[in-house]
Amino acid sequence: MTETLLAMSIGVPLIAAFTTPFIGRVSRSAQYTCAIGFMLVTLISSIVLMSETINLGKISAVGLLYADAASTFVITVISLLGLAAVIYSTRYMEKDGNQNLYYFLSFLFIANMIGLSLTYNIVLLYVFLETATVSSAILVLYGRTIKALNATFVYLVLSIFGAVLVLIGIFLYYSLFHAVDLRVISASVTNPTNPNLVLSTAVLIFLGFGIKAGMVPFGLIWLPKAHAEAPSPISCLLSGVLVQVSAFAMAKIIYFPIFGAFEALKWTVATFGVLSMIIGSAFAFLERDIKRMLAYSTISEIGFIVLMIGVGTALSISAYLGHILNHALAKGLLFLCAGTIIYQTGLRDMNNLGGLAKRMPITTVAFLIGAFTLIGIPPLLGFYTGRMLEEASSELASFLPTFGTITTIITFLFYAKAIYKIFIRRIPEQLKEAKEAPVVLQIPVLILAVLIVIFGLFPNIVMGAVRLIAG
Amino acid sequence: MSKRDQVRYPLLYALILLVIGSTLAIFSDNIIVLFLCAELVSVAALFTLFLVIIPSLFPRKVEFIDTFTGGAAKPPYLSFDEVYVPKISILSLKEEKRGEESK
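First to last, the sequence lines map onto chains S and W. When you line the first sequence up against the working numbering, it's residues 3 to 473, in that order. When you line the second sequence up against the working numbering, it's residues 14 to 116, in that order.
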């Protein structure tokens, strides 16, 4: 049963990638229905697989794919965001001439991210990393501007550079251990003959995945450009899922073979995390483009995740998984809200926006929920995951929560600035006719907003699950 | 083959390589096949990179008139606001004179 569910969770989006373009040639509405249907099946199979794996402790494997509790949790998050993005795309990409290629690439991208979460084989991690890079790069090009072209170029150059680092690391690991499976490597690494080489190999792979995860300093180069220029449903997937899945892959590589043998690496990883938190939020504060601000905020949130990888305790794994869910839901929601604002007004510079609270009340409430959960305001999910992050970071050093507090204050400031500029201040003359978005654009936004509120009101659903997984 | 197809088909081949590489890799139990899959997706990634390099580095169309200005997209001497010049009186005087001449 679990093997079938595992095969379905990656197989269904792959089948969707091949079938939806052909269905689109016959009927556009049938294509939309099938795309949503495929994503719904993926989500249901991921949820059932997660509950079987967490509650019954069943671990399944198909080929080189391996479903443990943490992986199934991550693929459920991917499927949820994928469903939201696909529903949103049916309206947002309606006028685009290349929808068949768009759906092919979107489903291929989702399937690869699911695959990336489900494997412990480093070569397969590399294969999925490269495939996700190519499919997402072409999707960024859908922005169809010179800026989008330049963003894709920078994204591809840095991603390929990161992939090369990973590839060198794979060769070195293979030459050292004659294995490419992280579980096998982890068993052999406890007493390495050449500890410095093992450590430098791990750092190479860490940096390779760090580039993809948007960690400072690399993230500052590619992430704001690519995330801002991609169509909003793709920004939702890039920011809500891709960077976190890359961080998840990074965690596998760091945790499994390394932490048992090299305690000193913790501080290096934690330092990268703290730098990403502070620098990302500072850049977000200075930004006036709504999508670029959200992209810089992603760098800051990834900093928290990298810091948790650095701490490397059971509590930090719980906090890390909780934050993955909170950030995926919130950032997906915020990017979709930004997309709705751009779709309805044609503007993305916050200095030209204003007074949309009266014109677009549902989008306003959704944006507030997304921003408040990332700031950590109760009773939303972010409040509980934020407290967990604080507790976990103090396990490595007592001063680390101070950096978290500073980042939260800056996060509060830039979201307050954005909320004031977009929704509260006086409406400019050109936006007097602005109105609420079509229902299809509101549905995924509402789904994500409601989930954040439900998980906040009943925190044991998420907190219990992540504690169980970490345990 | 039309110009559009000339761009389309290589991209299609690259995407097919990508799909074959990533799907085959899941079920490969041999390290050589696994590295072959890695190679296939690397080729596809590099191809996509080359696809965007040229339009990204040279994004604007060359205008017909530019063939007479040696390919430069804009003659840079038209506006002194766009060119860095030291603020000394002789140069600004020259600019004014040039403006008068054109009138």
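Honestly, I wouldn't trust all of these hints.
What the simulated footprint calls covered on chain S by chain W, stretch by stretch (three residues with Cβ under 8 angstroms from a Cβ of chain W suffice, anywhere in the stretch; the number is not a length) [what the hints assert, rightly or not]:
| no. | region |
| --- | --- |
| 1 | 135-141 |
| 2 | 148-155 |
| 3 | 308-318 |
| 4 | 433-445 |
Please keep in mind that the hints were generated in silico from the structure rather than gathered at the bench. In this text the structure is predicted, and so the values were computed from the model without any measurement. From the three backbone atoms N, C-alpha and C, an ideal C-beta is built for every residue, glycine too.
Consistency of the hints with the structure:
{"no.": "1", "hint": "135-141", "verdict": "holds (count 5)"}
{"no.": "2", "hint": "148-155", "verdict": "holds (count 5)"}
{"no.": "3", "hint": "308-318", "verdict": "violated (count 0)"}
{"no.": "4", "hint": "433-445", "verdict": "violated (count 0)"}
Checked against the numbered hints given earlier, the structure breaks hints 3, 4 and satisfies all the rest.
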